[in-house]
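Listed in order, the protein sequences are those of chains S and Y. Under numbering that gives the first Met the number 0, think of the first position of the first sequence as 0, with each following residue one higher. Under numbering that gives the first Met the number 0, think of the first position of the second sequence as 0, with each following residue one higher.
A couple of the hints might just be wrong.
As the list claims (entries may be wrong) - Think about it this way: if two alpha-carbon atoms lie no more than 25 Å apart in a straight line, the pair counts; the simulated SDA-like pairs of lysine to any residue are:
#	chain 1	residue 1	chain 2	residue 2
1	S	K54	Y	E40
2	Y	K27	Y	K107
3	S	K205	Y	N125
4	Y	K36	S	F282
5	Y	K155	Y	N120
6	Y	K98	S	K54
7	Y	K89	S	P127
8	S	K125	Y	K89
9	S	K202	Y	K146
10	Y	K27	Y	N144
11	Y	K89	S	F280
12	Y	K36	S	L235
13	Y	K155	Y	P65
14	Y	K169	Y	T25
15	S	K267	S	K125
16	S	K205	Y	I158
17	Y	K27	Y	K155
18	S	K205	Y	K146
19	Y	K146	Y	N104
20	Y	K48	Y	S145
21	Y	K27	Y	T108
22	Y	K89	S	I126
23	Y	K89	Y	K131
24	Y	K146	Y	V102
25	Y	K155	Y	T37
26	Y	K48	S	V31
27	Y	K146	Y	A44
28	S	K205	Y	K98
29	Y	K36	Y	Q77
30	Y	K89	S	H240
31	S	K55	Y	Q78
32	S	K55	Y	T47
33	S	K115	S	F280
34	Y	K48	S	K202
35	Y	K89	S	D166
36	Y	K131	Y	I39
37	S	K205	Y	E40
Claimed, not checked - Residues from chain Y that keep clear of chain S, each with C-beta distances beyond 12 Å, as calculated:
#	residue
38	I53
39	I64
40	K96
The hints are simulated quantities; they were obtained by calculation from the structure and are not laboratory data. Glycine included, C-beta positions come from ideal geometry on N, C-alpha and C.
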Amino acid sequence: MKRIYLILLLLIPQALKAQDELMDLLSDSTEVSYKSGTFKANRIINGHSVETVGKKNLDFVISHRFDRLNRGFDEFFGLDAATIRLGLEYGINDRLMVGMGRSSYQKVYDYFGKYKLLRQTSNSEKIPLSLTLVSGYAIRTQKTNPSLSSFDRSSYFGQFLLARKFDAGFSLQVSPTLIHRNRPDTFNDSETVFSTGFAGMYKISKRASINGEYNYVLPNQIDDSYTNNFSFSLDLETGGHVFQLLFTNSFGMTERQFITETNGGWGKGDIHFGFNISRTFSFEKKNKNKW
Amino acid sequence: MVKKLFIIAFFCFGGSILPVEAQLYTAKNSEVDFFSKTPIEDIKALNTKSSSIINTANGEIVVKIPVDQFQFSNKLMQQHFNENYLESEKYPYATFKGKINEVINFTKTGVYEVSASGILNIHGVNQERTIKGSLTVGDGIINLNSKFDVLLIDHKIDIPKLVFKKIAEKIAVSARVTYILSKK
Numbered sequence: 000m001k002r003i004y005l006i007l008l009l010l011i012p013q014a015l016k017a018q019d020e021l022m023d024l025l026s027d028s029t030e031v032s033y034k035s036g037t038f039k040a041n042r043i044i045n046g047h048s049v050e051t052v053g054k055k056n057l058d059f060v061i062s063h064r065f066d067r068l069n070r071g072f073d074e075f076f077g078l079d080a081a082t083i084r085l086g087l088e089y090g091i092n093d094r095l096m097v098g099m100g101r102s103s104y105q106k107v108y109d110y111f112g113k114y115k116l117l118r119q120t121s122n123s124e125k126i127p128l129s130l131t132l133v134s135g136y137a138i139r140t141q142k143t144n145p146s147l148s149s150f151d152r153s154s155y156f157g158q159f160l161l162a163r164k165f166d167a168g169f170s171l172q173v174s175p176t177l178i179h180r181n182r183p184d185t186f187n188d189s190e191t192v193f194s195t196g197f198a199g200m201y202k203i204s205k206r207a208s209i210n211g212e213y214n215y216v217l218p219n220q221i222d223d224s225y226t227n228n229f230s231f232s233l234d235l236e237t238g239g240h241v242f243q244l245l246f247t248n249s250f251g252m253t254e255r256q257f258i259t260e261t262n263g264g265w266g267k268g269d270i271h272f273g274f275n276i277s278r279t280f281s282f283e284k285k286n287k288n289k290w
Numbered sequence: 000m001v002k003k004l005f006i007i008a009f010f011c012f013g014g015s016i017l018p019v020e021a022q023l024y025t026a027k028n029s030e031v032d033f034f035s036k037t038p039i040e041d042i043k044a045l046n047t048k049s050s051s052i053i054n055t056a057n058g059e060i061v062v063k064i065p066v067d068q069f070q071f072s073n074k075l076m077q078q079h080f081n082e083n084y085l086e087s088e089k090y091p092y093a094t095f096k097g098k099i100n101e102v103i104n105f106t107k108t109g110v111y112e113v114s115a116s117g118i119l120n121i122h123g124v125n126q127e128r129t130i131k132g133s134l135t136v137g138d139g140i141i142n143l144n145s146k147f148d149v150l151l152i153d154h155k156i157d158i159p160k161l162v163f164k165k166i167a168e169k170i171a172v173s174a175r176v177t178y179i180l181s182k183k
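Using the sequences and the hints given, assemble the complete structure.
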């Protein structure tokens, strides 16, 4: 009896092995694959993330920032007043995108281009981090007295966005930034301002994450009345949409505004509630008609 | 004693590779696509990076699909598909390992309606399945055509209630693979 068992035992591994061998003959995919979703959206909160819009996809972004929470009950904790930025962002290919937006605050028009120079690989450590370059131009169009030339109302920014997705639910980004204002609002401010952004994402469930973002302006560049921008948000995905609910101390949503002209203090309750919502449309016709 | 023998035997037999008479047909081209149809949104994606082998000696078939190579036209959906639904970093491949139930004369050209029984692994979850398809046998070439459904619940792929109506609970998968004889 024992012997029969033994023979059976001997046969089982071979029988199992035969099929496994066939599976083993199939090589692993040689495609280089890249980490997806280092951040859920193209903005961490106010600032850019390493992500770009996909090829031939158009992102329609609506962002709101309400007034300060410490306005009190009469102003319904800031909800009675709001600024909005409407943005259209388009992916030329999977690495290069362009975007434009219009903010109601100071009536700013902004334009930017963003390029993924390095993409963190996911099936090897060949490229351990992502590097995205972003650069943009913004112009205020709100009437001032005395009126300013378009040159004086213009500003430029450039950023290196360096990010790494450490595991499925945790990413960090560092963003050295340079901003140039042709004419700063405060006379003594430097025209060119260096800052560094620090940001992180932590997934609390498959479809929700908590983000934090801090933009540190190196000392002796801007007036002491300005504060560094600090924000955190809850990102929710609802299939095709990303919905970001956020708290920040900045009213403006363009780089000049939130990095160099934030004047709200978290300690004083100058906190703005806001949200970013985006809807992605695809224009990849060929793919659509294929089946 | 038994244990020792078992170990020795395992090394002897376990090390042996395929039966000598194996005739392996390897996938040269493959197209796997899926389709999810709901009143609100149609979602489809195509994968051309799958690999597969048919052993005509014993009817064994294996298919291996790199999940992150499914191409969607909406890249945000593609990201969500990989990140949240299929978790492709954790479960990089969908596989099928089975045996063709019908006895087919692979030396004779023609179209054969077949079915294969085995284990379908998607999202790390095994399901015992019998999948129907057709094999068009030519000279040193086999074309496989198959259409089958995958129930998301079978593979523990959960869809949040908020997007429930956008993604069908049953996904229609179709596969077209061309095999060529690779080893005698």
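Hints and how they fare:
1. S/K54 to Y/E40: Measuring from Cα to Cα gives roughly 20 Å; hence the hint holds.
2. Y/K27 to Y/K107: Holds - the C-alpha atoms of Y/K107 and Y/K27 are around 21 Å apart, at most 25 Å.
3. S/K205 to Y/N125: holds (22 Å)
4. Y/K36 to S/F282: Satisfied, since the Cα-Cα distance of roughly 19 Å is no more than 25 Å.
5. Y/K155 to Y/N120: holds (11 Å)
6. Y/K98 to S/K54: violated (40 Å)
7. Y/K89 to S/P127: holds (18 Å)
8. S/K125 to Y/K89: holds (19 Å)
9. S/K202 to Y/K146: violated (36 Å)
10. Y/K27 to Y/N144: At roughly 14 Å apart (the allowed maximum being 25 Å), Y/N144 and Y/K27 satisfy the hint.
11. Y/K89 to S/F280: violated (28 Å)
12. Y/K36 to S/L235: holds (24 Å)
13. Y/K155 to Y/P65: Roughly 18 Å between the alpha carbons, so the hint for Y/K155 and Y/P65 holds.
14. Y/K169 to Y/T25: violated (30 Å)
15. S/K267 to S/K125: violated (46 Å)
16. S/K205 to Y/I158: holds (11 Å)
17. Y/K27 to Y/K155: violated (31 Å)
18. S/K205 to Y/K146: violated (30 Å)
19. Y/K146 to Y/N104: Distance ~23 Å between Y/K146 and Y/N104 Cα, so the pair holds.
20. Y/K48 to Y/S145: holds (17 Å)
21. Y/K27 to Y/T108: holds (19 Å)
22. Y/K89 to S/I126: Roughly 19 Å separates the two Cα atoms, so the pair holds.
23. Y/K89 to Y/K131: violated (29 Å)
24. Y/K146 to Y/V102: Roughly 21 Å separates the two Cα atoms, so the pair holds.
25. Y/K155 to Y/T37: Roughly 20 Å between the alpha carbons, so the hint for Y/K155 and Y/T37 holds.
26. Y/K48 to S/V31: holds (12 Å)
27. Y/K146 to Y/A44: holds (15 Å)
28. S/K205 to Y/K98: Distance of about 36 Å is beyond 25 Å: violated.
29. Y/K36 to Y/Q77: holds (16 Å)
30. Y/K89 to S/H240: Distance of about 23 Å is within 25 Å: holds.
31. S/K55 to Y/Q78: At roughly 15 Å apart (the allowed maximum being 25 Å), Y/Q78 and S/K55 satisfy the hint.
32. S/K55 to Y/T47: Cα-Cα ~20 Å, so holds.
33. S/K115 to S/F280: The hint holds at about 21 Å.
34. Y/K48 to S/K202: Between Y/K48 and S/K202 the Cα gap is close to 30 Å, so the pair fails against 25 Å, i.e. violated.
35. Y/K89 to S/D166: holds (10 Å)
36. Y/K131 to Y/I39: Since the Cα atoms of Y/K131 and Y/I39 sit roughly 30 Å apart, the hinted pair is violated (cutoff 25 Å).
37. S/K205 to Y/E40: holds (22 Å)
38. I53: violated (9 Å)
39. I64: Label violated. Min Cβ-Cβ 9 Å, cutoff 12 Å.
40. K96: Given a closest Cβ separation of 6 Å, the condition is violated.
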